[in-house]
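**Student:** Knowing the structure of chain R, use the given hints to seat chain W on it.
Protein chains in written order, with the working numbering: chain R, 16 to 223; chain W, 16 to 223.
Just so you know, these hints were derived from the structure itself, not from any lab. Please note that a few of the clues may not be correct.
Any copy, or any two copies together, can satisfy a pair, since identical chains are not distinguished.
Keeping only pairs whose Cα atoms sit at most 30 Å apart, straight-line, the calculated BS3-like set for lysine-lysine is [said to hold, decoys possible]:
no.	residue 1	residue 2
1	Lys199	Lys146
2	Lys203	Lys214
3	Lys71	Lys199
4	Lys160	Lys214
5	Lys199	Lys26
Protein chains: 2
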Amino acid sequence: MSPRVSKEHLKQRRADIMKAATQVFIEQGYEHTTMKHVMEAANVSRGGLYQYFSNKEDLFEAILEEGLSEEAEDTGFSLEEAASPQWTLLMKLMFGEDGRPDTNMDPLAPSKLEFFITGRHDERRRTYGEKRYEMGVNIYDEVIKAGQETGEFSDRYDSGLLARSIITFVDGLALDHAIQPEEKVRLKEQSELFVEYLKMALDVSSSS
Amino acid sequence: MSPRVSKEHLKQRRADIMKAATQVFIEQGYEHTTMKHVMEAANVSRGGLYQYFSNKEDLFEAILEEGLSEEAEDTGFSLEEAASPQWTLLMKLMFGEDGRPDTNMDPLAPSKLEFFITGRHDERRRTYGEKRYEMGVNIYDEVIKAGQETGEFSDRYDSGLLARSIITFVDGLALDHAIQPEEKVRLKEQSELFVEYLKMALDVSSSS
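Just chain R, same shape as in the assembly (with noise of 0.2 Å):
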């Protein structure tokens, strides 16, 4: 076996056993999977998982680093060669490609609140969450600031602050949405005011 056709296998290996633990953990929520869980669900021996995953916070850390490079290939640009206007890039960037709010909700995101909640006091954890908050401001942050640049939006708002409050936002909703039944939280129409708000702090016109 030459070591390249090896090195995709294992690749590939690695691969499966993390998509089955994606569904292991939103069936079961963070703190109740076990790796035995992840073992019984990707078919794998323990040896087999552990060769990949030291424990279950390395595999659902794995987990969490391919959906953020997966949202970034999503948005499908670059911001730097970015034609469109910034008020599309921003509604890509919150709601994916087609921009528009709807009724999807990651599913991942109750163990992903979990994860993080239940963390909170663990150090490693703790500057985990802290590097991904800074980095879904900063590429928030660097859309809003190009359309005040440009004069597209009302520099009225700190590009910063306005940023951090769709984190809070779209945190906020990850976290009633997983709890309440979806017709109390109205996630697609509290999405729709959000997004007013946004326009009226960026004098974004309405027809938009």
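**Tutor:** Just chain W, lined up with the frame of chain R:
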């Protein structure tokens, strides 16, 4: 001992246990706290503790309930006899008696989030969470609706939806504040920005 004195005494003992337990929950979080921790902190025997609370969940709910009644007292008004503008009431509901955003956050907030997020598959806790969410939505909804009816607020947006967006914001901020350092979240400034969003949505003048 007369039954009256005894009742007072029991009430006081219960309050003391709840006070000590609140500190334990703040320090350890919900998941990591045990009834044994509470026994030690409250300096009460096992029998003494279980006389008042049958388990950790029961105890935490009692603390949550007490928090709700205190909040109702703190705002210090009855919606019916409200003479002041609804905007003032809304700000008091959101930020307490002085009605101004500040850097204070309920120290028990992270444990509350933990309680609801890790218990999301538990039927009883879920129902309890829904009841609380509904209460929260209703109180904001009432004030906004009253302001829309008198013409103090614009009725451009649905009051129930605006109420939900307040809860989303408050929950999201509590979540991010539980995980991130204060200077990253910019709690007070974010609250001020959210107040601006509401002013724009309700057509409240900026001098309010």
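**Student:** Compare the structure with each hint and give your call.
**Tutor:** Taking the hints in turn, this is what the structure says about them:
{"no.": "1", "hint": "Lys199 / Lys146", "result": "between (32 Å within a copy, 11 Å between copies)"}
{"no.": "2", "hint": "Lys203 / Lys214", "result": "both (17 Å within a copy, 22 Å between copies)"}
{"no.": "3", "hint": "Lys71 / Lys199", "result": "between (33 Å within a copy, 28 Å between copies)"}
{"no.": "4", "hint": "Lys160 / Lys214", "result": "both (15 Å within a copy, 23 Å between copies)"}
{"no.": "5", "hint": "Lys199 / Lys26", "result": "neither (42 Å within a copy, 36 Å between copies)"}
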